[in-house]
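Chains as they are written, first to last, in the numbering used here: chain L, 1 to 280; chain G, 1 to 280; chain Z, 1 to 280; chain X, 1 to 280.
No lab work stands behind these hints, which were simulated from the structure alone.
Treat each hint with caution, since some may be false.
[Said to hold, decoys possible] Selected chain Z positions facing chain G (in silico; Cβ < 7 Å):
1) Arg-206
2) Gly-207
3) Leu-210
4) His-237
Because the structure is a prediction, the values reported are computed rather than measured.
No residue lacks a Cβ here, since even glycine has one placed at the ideal position from N, Cα and C.
There are 4 protein chains.
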Amino acid sequence: MLISCPDRVGIIAAVSEFLHKHGANIIHSDQHAIEREDGIFFMRITFQLDDLEEKQVFLCDQFQQVAEKFAMEWKISLSSQKKKVALFVSKYDHCLQELLWRWRIGELDAEIKMVISNHMDCQPLVEPYGLPYYHIPVTKEIREEAALEQLKYLKKEEIDTIILARYMQIIPKRMIDVFPNQIINIHHSFLPAFVGANPYERAFERGVKLIGATAHYVTEELDEGPIIEQDVHRVSHRHRPEDLIRIGSEVERIVLARAVKWHVNDQVLVHGNKTIVFPG
Amino acid sequence: MLISCPDRVGIIAAVSEFLHKHGANIIHSDQHAIEREDGIFFMRITFQLDDLEEKQVFLCDQFQQVAEKFAMEWKISLSSQKKKVALFVSKYDHCLQELLWRWRIGELDAEIKMVISNHMDCQPLVEPYGLPYYHIPVTKEIREEAALEQLKYLKKEEIDTIILARYMQIIPKRMIDVFPNQIINIHHSFLPAFVGANPYERAFERGVKLIGATAHYVTEELDEGPIIEQDVHRVSHRHRPEDLIRIGSEVERIVLARAVKWHVNDQVLVHGNKTIVFPG
Amino acid sequence: MLISCPDRVGIIAAVSEFLHKHGANIIHSDQHAIEREDGIFFMRITFQLDDLEEKQVFLCDQFQQVAEKFAMEWKISLSSQKKKVALFVSKYDHCLQELLWRWRIGELDAEIKMVISNHMDCQPLVEPYGLPYYHIPVTKEIREEAALEQLKYLKKEEIDTIILARYMQIIPKRMIDVFPNQIINIHHSFLPAFVGANPYERAFERGVKLIGATAHYVTEELDEGPIIEQDVHRVSHRHRPEDLIRIGSEVERIVLARAVKWHVNDQVLVHGNKTIVFPG
Amino acid sequence: MLISCPDRVGIIAAVSEFLHKHGANIIHSDQHAIEREDGIFFMRITFQLDDLEEKQVFLCDQFQQVAEKFAMEWKISLSSQKKKVALFVSKYDHCLQELLWRWRIGELDAEIKMVISNHMDCQPLVEPYGLPYYHIPVTKEIREEAALEQLKYLKKEEIDTIILARYMQIIPKRMIDVFPNQIINIHHSFLPAFVGANPYERAFERGVKLIGATAHYVTEELDEGPIIEQDVHRVSHRHRPEDLIRIGSEVERIVLARAVKWHVNDQVLVHGNKTIVFPG
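Kindly generate the complete structure, drawing on both the sequences and the hints.
Below you can see the structure in the form of structure tokens.
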């Protein structure tokens, strides 16, 4: 259960009393309050309740009273209802490989439904996983048409999460509007440094001593969406641009895998242009 | 407020309802449940309540009913009632220096009351801080007498926390019994590797590629108490034992400063031989 | 070119003069001198020389005079002559997967010739790579016979490097004698902590705040061989043993991949029970 | 000895032969060659030679022949001739404190000659070290006059290195011209992210998950000079701007201390807008 509302006295008491009354056992409960300016309260509660699937409609109905009193935005996600994920990829396959591998060993609690690519290169890697691989070429001129074709597949499988696993094309507004804060991109720099193209080459030129990667939700502003996770790795004057690409690819796949895991577990809340990442 | 009790349905609801009823505003609330074996529940709640100092006795009295129902161990600490700390040191001064500096800039929310040392070496460093410096020599033969003298000073100032900031003497049982889980030691290795004497020399001999430091509560078993915090730093074949000592001293002071901060903020709960460290 | 010899004045001058005289261009040159006790000098020189393959015998012959003067142990490896590697694995496949993937993208400059396993589990993962997968069951009773069968395959392909990518069997002396400092193991703890079985379970019991992995050369003493690389990852009281296994597997594969890369690039020299790892 | 020159065959041989001929014992020797574009070769040699102080003029004279042959820029620094350092500081004292402490324990092999500040705040901290503290107020209007006064003190003590230990004033061109690549600044962000003022506030607004610090040489372009060292620390949504300042101050002092150490040990070479940092 994820909740956000104006911060007031009594929210935790009201929610935990409600859950207790309906027989739920709270396993984790994490809160975060932003004191600055507006005073917003965020809460994530993991609870266990027998026959939740049957009771869900009734429970939500009842909770509406509590929610209205505190002007809450809220949702209940069942751990049995997994997120439906599409992976977008171009030619680099390290992020795709990492996500598929973690999914296979049970670390990503989601249903990966398809891989969409503007190239055929990654098809052999995907094949053993038995996933459909949709090859939809994209150029600047046919971006909108390509998005329509992508959307057709996405809707058919009721996809709710898109992972850009080094997908080297700009996502059109049309697509972002359908998936607000549901598209995760991996940018191969420590944002906000090196926004845009060729970050490793530019990191080399600037002579930085650490290179990084950033997983963020996609918004209309390129590389400006809410950051979910970042990490860095040490480099030195001995490393050439091709070394930065190699070392960076290791950071990219770890950072993206963490962000995707948190997202599919409903651990991430977006507020303005920032994320609150609750512990798992 | 810190609580630990057997894990049952309804604890969070009961506690938050109680606090709400008495007009408290919950700022943070963190829980941790151990599912294995016994099923223990741990909780740390930070709340704000006007005139808490006056109401404390009444509130504790009332809470006793809730506590009994769930068989809780619990305590309420006021942020205005700071921990009273004694620093023990021998000759190395880097940990002492770090703690005093952080205390001066307001980062350690505690009252440092005294420095106790078996040497005079650190006295000049302490002097500008206006703290009493008690020089109490210790040898194996007079360990018990020394402890009695130390205890005299500690009791006089109602000390509740002892920090061994590289104090190179064994703490006798007599002292540990008075301060259970209230004495923090910094060991200059990544425990449980290199328990005991000369860890850097032994790390050098073994050819490890990372050296570390461990802050832990002192128990009767040398270097076996509950670990509060650990960290490491990379080393290479180029580093000689004296380099390990130098690099390690940086890790030691950071690790100890973190552990002391968490302890004086009541963020640490001990269960068996492990710690639960709640976020601040 | 790798050299080790007693430390004396003039070694670098003699070697670089020799190479210069024969038309070689030194690309990198790294030295390390151990001052303690014996005074040993280590050197790794990367040089470029046209037609080196043809000239190799002549060059080595000529260098013998320099080598004798300084009592050197030395060898010249051609970057065109890649190490021949066998991967040993049991049931866990994360390290195997990581190595195969890095090999495929060209990051491991070696010839992986075969996978040997005491189980069939990893066979499907290996198949797409077109490598032979030898299934040789091992129990304590038939360890020596199994080693003989393994050695048969290893000799046939002139293997010079064995990687134990989570191979859960003890390597018999017979095998170690054939491959001195040529067998790399990944141990799932930060050695020398948690030598032996079940390190994650024991790390959980001890309540450590960081878990680690160690890549080392295999010697007759279990988990006591020269350490090549180590790393750690932060954990907390929220993590159960199964989380430690999952988090640790990430550290294991990164640490092993680094160690293997350095080994196949001839960046590692062993001295006593320690390694000198030259930068790449 | 630091050397940079166009990359050609035979440099290492020529230099090491020269040193050997004059009786020097090479302790360390590190090279770095930039292959791209111009092909530049960099070298740092640490050697031991009896009576070097007396022989220095003769040796340099002789070496000039070697240097001319390869068009070298070069210099020989004696470890007995320490760099003369001035520390510039404003109100924040954590970097100053760190440097003074490391200097006192012998970790900074330099002569700190004075502290210059535009405020009186840090005077008490400096006093126990017995260093002169020059209070020179600066405003935008009197920046040039202030620089002239600073230069007077700097010249008097033959200062060759200026450390801006959180000195919150822009350094005028007049000063930079006198100390090219000899002024080290600590910027409280992971450059090139958050160039300019208030980086922590801007890091908070952007919602980054790591904050950093960067030590760099000062050039006329604000925060654009050659980077010597960088590091980062993890933060989360729980941290407010004041927490970022506190956590960041820890990174700042470690990063600056490393950079200063490398600089005073002559481990840093500047090429264009980048640094080559040789291992110590």
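- Do the numbers back the hint for Z:His-237, that is, is its least Cβ distance to chain G under 7 Å? holds, 4 Å
- Message: Given Z:Gly-207 as an interface hint, is its Cβ closer than 7 Å to any Cβ of chain G?
- Response: Given a least distance of 3 Å, the restraint on Z:Gly-207 holds.
- Message: Restraint: Z:Leu-210 near chain G, CB-CB cut 7 Å. Satisfied or not?
- Response: Z:Leu-210 check passes; min Cβ-Cβ to chain G is 5 Å, inside 7 Å.
- Message: Let's test the interface hint: is any C-beta of chain G closer than 7 Å to that of Z:Arg-206?
- Response: holds, 6 Å
Figure legend: structure checked against the earlier numbered hints; every hint is met.
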